[in-house]
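A.B. asks: Now for the letters of each chain:
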Amino acid sequence: MTVVISRRSSTKTTFIVKTAVSLGAILLLMSLVTSFVPSSFAKVRPYSKTRIVQNGLRLSIVERSERPLISFHILVRAGSKYDPDGKSGLASVTAQMLRQGAGSRKAEEFQRLIDSIGVRLRIEVTRDAVEISATCLRKELLSCTRLLRDMLMEQRFEEASFARQIQRSVSAALQAKDAGHATLSDFAFQQFFSDVAYGNSPLGDVEQLSSITLEDVKAFYQRFYAPDRISIVAAGAVSAKDYVTEISQTFSPYHKNKHPEKDISAKLNARRTDSLELFLLDTPGASGAKIGFFALCDSAKDTRAFGAELMLSHLLAGFPELSFLGRKLGSEDLVSNLRAEMPFSADQTLMEIQMDCTSDRVVDAVKETLSTLRVLRESRISKREIEEGKKFYRGFYALGFETAHDVTERFAELMRADLSFKGHDTLLTELNDLTQADLRMTSERIFAPSHLIVVIRGDASQYAEDLRDFGAVRVVSAREANGKSR
Amino acid sequence: MFPYTKSESQLRSTAPTMTLSTVIMCAVLISLLVSSASAGPRPRDKSKGSRDSTLTNGITVLSFEDKSDPLIAITVLYDVGGRDDPSGKAGLAKVCQWIMNNGSLGYWKGERERLLHAAGGSFSSQVRQDNSTFSTRFPKDLLRQVLLIEADRLENPLITRETVEAAKRSVIREGTIGRENNIYSALTTETLKQSYTTHPYRIDEYGLEAELSAIEPEDVRLFMRRFYQPSNVTLAIVGNFKNKHLLKEVVEIFDDIPSSPKPEHSYLAEPEQTEERRATVNAELQTPVFIVSFHTPSLTDPDRLALEVLSAMLVGNRSSFLYQRLVTESGLCFTVGGAVAEFSDPSILYCYAFLNQGVTFAEAETALLKELENGANGALTGADLTIAKNQMEARFVTSWSGALGRSAKMARSFQVWGDGMYWLDRVERIHDISLSDVLNVAQKYLRASNRSSIFLEPHEATNSQQAPDDEK
Numbered sequence: 001m002t003v004v005i006s007r008r009s010s011t012k013t014t015f016i017v018k019t020a021v022s023l024g025a026i027l028l029l030m031s032l033v034t035s036f037v038p039s040s041f042a043k044v045r046p047y048s049k050t051r052i053v054q055n056g057l058r059l060s061i062v063e064r065s066e067r068p069l070i071s072f073h074i075l076v077r078a079g080s081k082y083d084p085d086g087k088s089g090l091a092s093v094t095a096q097m098l099r100q101g102a103g104s105r106k107a108e109e110f111q112r113l114i115d116s117i118g119v120r121l122r123i124e125v126t127r128d129a130v131e132i133s134a135t136c137l138r139k140e141l142l143s144c145t146r147l148l149r150d151m152l153m154e155q156r157f158e159e160a161s162f163a164r165q166i167q168r169s170v171s172a173a174l175q176a177k178d179a180g181h182a183t184l185s186d187f188a189f190q191q192f193f194s195d196v197a198y199g200n201s202p203l204g205d206v207e208q209l210s211s212i213t214l215e216d217v218k219a220f221y222q223r224f225y226a227p228d229r230i231s232i233v234a235a236g237a238v239s240a241k242d243y244v245t246e247i248s249q250t251f252s253p254y255h256k257n258k259h260p261e262k263d264i265s266a267k268l269n270a271r272r273t274d275s276l277e278l279f280l281l282d283t284p285g286a287s288g289a290k291i292g293f294f295a296l297c298d299s300a301k302d303t304r305a306f307g308a309e310l311m312l313s314h315l316l317a318g319f320p321e322l323s324f325l326g327r328k329l330g331s332e333d334l335v336s337n338l339r340a341e342m343p344f345s346a347d348q349t350l351m352e353i354q355m356d357c358t359s360d361r362v363v364d365a366v367k368e369t370l371s372t373l374r375v376l377r378e379s380r381i382s383k384r385e386i387e388e389g390k391k392f393y394r395g396f397y398a399l400g401f402e403t404a405h406d407v408t409e410r411f412a413e414l415m416r417a418d419l420s421f422k423g424h425d426t427l428l429t430e431l432n433d434l435t436q437a438d439l440r441m442t443s444e445r446i447f448a449p450s451h452l453i454v455v456i457r458g459d460a461s462q463y464a465e466d467l468r469d470f471g472a473v474r475v476v477s478a479r480e481a482n483g484k485s486r
Numbered sequence: 001m002f003p004y005t006k007s008e009s010q011l012r013s014t015a016p017t018m019t020l021s022t023v024i025m026c027a028v029l030i031s032l033l034v035s036s037a038s039a040g041p042r043p044r045d046k047s048k049g050s051r052d053s054t055l056t057n058g059i060t061v062l063s064f065e066d067k068s069d070p071l072i073a074i075t076v077l078y079d080v081g082g083r084d085d086p087s088g089k090a091g092l093a094k095v096c097q098w099i100m101n102n103g104s105l106g107y108w109k110g111e112r113e114r115l116l117h118a119a120g121g122s123f124s125s126q127v128r129q130d131n132s133t134f135s136t137r138f139p140k141d142l143l144r145q146v147l148l149i150e151a152d153r154l155e156n157p158l159i160t161r162e163t164v165e166a167a168k169r170s171v172i173r174e175g176t177i178g179r180e181n182n183i184y185s186a187l188t189t190e191t192l193k194q195s196y197t198t199h200p201y202r203i204d205e206y207g208l209e210a211e212l213s214a215i216e217p218e219d220v221r222l223f224m225r226r227f228y229q230p231s232n233v234t235l236a237i238v239g240n241f242k243n244k245h246l247l248k249e250v251v252e253i254f255d256d257i258p259s260s261p262k263p264e265h266s267y268l269a270e271p272e273q274t275e276e277r278r279a280t281v282n283a284e285l286q287t288p289v290f291i292v293s294f295h296t297p298s299l300t301d302p303d304r305l306a307l308e309v310l311s312a313m314l315v316g317n318r319s320s321f322l323y324q325r326l327v328t329e330s331g332l333c334f335t336v337g338g339a340v341a342e343f344s345d346p347s348i349l350y351c352y353a354f355l356n357q358g359v360t361f362a363e364a365e366t367a368l369l370k371e372l373e374n375g376a377n378g379a380l381t382g383a384d385l386t387i388a389k390n391q392m393e394a395r396f397v398t399s400w401s402g403a404l405g406r407s408a409k410m411a412r413s414f415q416v417w418g419d420g421m422y423w424l425d426r427v428e429r430i431h432d433i434s435l436s437d438v439l440n441v442a443q444k445y446l447r448a449s450n451r452s453s454i455f456l457e458p459h460e461a462t463n464s465q466q467a468p469d470d471e472k
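First to last, the protein sequences are chains A and B. So the first sequence is numbered by the working numbering: it starts at 1 and just counts up by one. So the second sequence is numbered by the working numbering: it starts at 1 and just counts up by one.
Hint data in this document are derived by calculation from the structure and do not stem from the laboratory. If you're wondering where the values come from, they're calculated on a predicted model, not measured in any experiment.
Calculated cross-link-like contacts (lysine-lysine; reagent style DSSO-like; alpha-carbon spacing at most 27 Å):
#, chain 1, residue 1, chain 2, residue 2
1, A, Lys-241, B, Lys-67
2, A, Lys-139, B, Lys-389
3, A, Lys-328, B, Lys-109
4, B, Lys-370, B, Lys-193
5, B, Lys-389, B, Lys-370
6, B, Lys-244, B, Lys-67
The task is simple: from the sequences and hints, build the whole structure.
C.D. replies: Printed below as a string of structure tokens:
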């Protein structure tokens, strides 16, 4: 059979072929693009509206309409790293004063309003910022919005409330030491940042707290509580479009900070040593020990480097049974409660790897962990393991916006790292692009002896001698470990 | 029960971490443990999407189809907890939890983790006094695989000498280190010991080291055969699926697992307390703290919800009755808190108080007891009640907002009331409580003869810090 192809049909065929090739190329390109930005995340990200008000206030309102409640997360860049010399705890006292009377209401009346409309309010002071989280029922949204505005912008700072707050802050600082929740990380920060307020416990120093005056609090408030230092995310049963306008108007009468940023930025000077140091916080008679490895991470605002640090912490001890350390320490039944945390931060910060073990296993646990960190610095992580880590983060972000509270938590991470509200896309892209070389380079940097310290709380007499093989060992009484502030 | 009791929640999700310093007294978290309601089920119309089914082998399946959720959460509740540990084997339920979490005949240790890890999912397990729960949160396409894993560990746990020994070591290690790392655990331990002389609640879920060491594989086998079998299981599934398809899948996977009759709980009931109990514990601390606790009835008792409202009015928030008087007005304490412990059997309502510097136990305890008496005699007001109800409502709505929280609440609700959606009536029931209901239970239960007081004081307590007992 002879097939005759007319010129006309040939042109048509060429056109079809060209079109098909072009379409194919477009589809291929699209599939490549979508493989970089995981589609699962884009699908689940709820509708949101973001705005920067003229006075600098950053807002993001996210619609989640399944339940009749609204979840807020507010970040004020007024953390303890801004505490002046000799006034450790000032940021914390100022933050706790926020709920003690505002607008036209005195302390008791204001507190009663918070509780009567069912607002669950929590104020936490970190080294970087003051973080306020609140949840209210939809029917109380208007009251809650005004309450938050008054709290942030219309402080009363009454003398009587202040005196009570100082007493409470002193007791809280003592109680926190009793509870020991933050002992290891507070101690590590103190070692790395001994010259600056960043090294102090955010709750403050007992002696210095007593020297804080109401005038100090007012001055601190004036300096740091301005709209351009505040970010607000709200998620829940609201119309993002309407509420972003409403909240912008609520805060629009307030002015930008008049102090230039360079005048109020905190200076950090991380201390570095040549060799590894191990600090033993001695609690004689203890049969168990808590071990913390702290690595100095200085990737602030470099999303790629931060992504690498995040991935490393996950690969090290994310899913204990699957992680490098989990497999190594778990298979030998050495430790419990293994975990790693990589805080989102706008400044230098510490990656933490913590674990519990009995005193007779401390030396083995330290040895195995240090050896794992050394391997990470000296050789490449397999592509397969990196791919598994990437899969986890894609899945994590796909599931991570389920409730209003989840949404505000995810956005709070961005705020802490001073990333834009669209930062999830950036972060996921960076995570997705990470290579063996990125992780190797980051490991070389943060797990170097100069960037790493080990802190162990337990009965030092049982393992101090044996630990000297790994570096310089310093024994400190656990009771005094968190005593001093700059 | 108390927050300073080491929680066994092992959420493996490694979410990018955030600042997390929850310094605030362990006890604040106690309030999160408050729950429950009283009396029997009442009609409702809010359970659209939910379905209750029982398989032929006795497994209860509670499902809640919710297409608005991007994921699925499953809670598998076994009606066995620390209270069921046999005499001389305290900690056995914790050992079984470890066995359940570390592989089964069809799924090697780590397979479940690998599956969930690749999908960004998470899992956790808890052994409490009244039950053991295993929860998983995952994308919807993993449903069948997660169900298969749950079925296999129910039917084929790996009970060998090696796994039992590893489980015992792990439980002993976590219990010992947990207690050492939490200075307030001594307060918890002593409060339970004083409040319960006979009932197994007197020992926490981590058991006793000597008794754990004596556990043999055969003990585990017998215990698991009795309690870890279909008639003792509630499967609560919430999220993005179709009820019809789900049930078909569950039947296919679970219905063949052999079962035996639902086991009875057998332990001694707590006799009525007839006089006040007091104890002092020394610890290395700088902030003295004490707990006052009162016996309350079981979760199904009609008085129980009124007692929870009473607790919220007394110590539920910063406007609450005791907080205002002991912290804000007198400055004796820097914080107070409390709750009704979420025990199924007769429980306790407790209030704790952390003293401000320079305040003695005698001063703070006298003030606290006087205010409790005033409250019971009418000083608690309608305004206090309104605030407590609003707070409880907001807390309820929040706790019901995630699939995981809902599945856990449904499973627990079924265990206690035989109705998985009973929680949905909670808000109305709270609003039905009147001031006189609250005052009645206050007068009935806040009696000296029904009270235990435990003081945690610094080792080198000065006279001014000694507990009232020591001063006498």
